[in-house]
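Colleague: I would like the entire structure built from these sequences, with the hints used as guidance.
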Amino acid sequence: MGPGMDGIEAIRKLRERNRSQAVLVFTTYDSDADIVRAVDAGAMCYLLKDAAPEEIFAAVRGAVQGRSVMSAPVASRLFQQLRNPDEVLTPREAELWSLLTEGLSNRELGQRLFISEATVKTHLAHIYAKLGVETRAAAIATAIRREGMR
0 MGPGMDGIEA
10 IRKLRERNRS
20 QAVLVFTTYD
30 SDADIVRAVD
40 AGAMCYLLKD
50 AAPEEIFAAV
60 RGAVQGRSVM
70 SAPVASRLFQ
80 QLRNPDEVLT
90 PREAELWSLL
100 TEGLSNRELG
110 QRLFISEATV
120 KTHLAHIYAK
130 LGVETRAAAI
140 ATAIRREGMR
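Counting with numbering that gives the first Met the number 0, you get residues 0 to 149 for the letters of the sequence shown.
Bear in mind the hints are in silico, worked out from the structure with no lab data behind them.
Be a bit skeptical, because a hint or two may be false.
[To be verified] Computed beta-carbon distance windows for the label pairs: (1) Ser19 / Ser115: 42 to 52 angstroms; (2) Glu101 / Gln64: 41 to 51 angstroms; (3) Arg18 / Phe78: 41 to 51 angstroms; (4) Ser19 / Phe56: 39 to 49 angstroms; (5) Phe56 / Ala124: 32 to 42 angstroms; (6) Arg135 / Glu53: 36 to 46 angstroms; (7) Asp49 / Ala128: 39 to 49 angstroms.
Don't be surprised by glycine CBs; every beta carbon is placed ideally from N, CA and C.
Modeller: Shown next, in the form of structure tokens:
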């Protein structure tokens, strides 16, 4: 894409310029975080590069009609994550993530969990990557939203 511009940023910029623009992602990346980040940025379709030609054509037709289309493996991963969001995180990450909603600082999180502040930061980096978010506020919002779905 270029310096300072990855695929996610490109999707955001395309959608900012034209909200009705359908964006299809055609990629080899199939991690939960990659999928969530792309959809969150505004992608309508998410296909893996090994998708059959019929699947690609169906995705293009669907996007033109305003429908979201995903490769079967991608849809399966996304549904699994929605059904069991905490399974993505280790037990310690899930514990730390739940404490974020209390508004604790990294130092306070470390004290509460009996770990160093550096370890808290490492866990937070892993949580952000797994959730497909970039900030503490986004991680907290995701925790609150998911708790409301249960």
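Colleague: Please go over all the hints and tell whether each is borne out by the structure.
Modeller: Hint-by-hint comparison with the structure:
1. Ser19 / Ser115: 42 to 52 angstroms: holds (49 angstroms)
2. Glu101 / Gln64: 41 to 51 angstroms: Since the Cβ atoms of glutamate 101 and glutamine 64 sit about 44 angstroms apart, the hinted range of 41 to 51 angstroms holds.
3. Arg18 / Phe78: 41 to 51 angstroms: Given a distance of about 26 angstroms, which is not inside 41 to 51 angstroms, the answer is violated.
4. Ser19 / Phe56: 39 to 49 angstroms: With a Cβ separation near 21 angstroms, serine 19 and phenylalanine 56 fall outside 39 to 49 angstroms, so the hint is violated.
5. Phe56 / Ala124: 32 to 42 angstroms: Given a distance of about 39 angstroms, which is inside 32 to 42 angstroms, the answer is holds.
6. Arg135 / Glu53: 36 to 46 angstroms: Given a distance of about 43 angstroms, which is inside 36 to 46 angstroms, the answer is holds.
7. Asp49 / Ala128: 39 to 49 angstroms: violated (24 angstroms)
Violated hints for the displayed structure, listed by number in ascending order: 3, 4 and 7.
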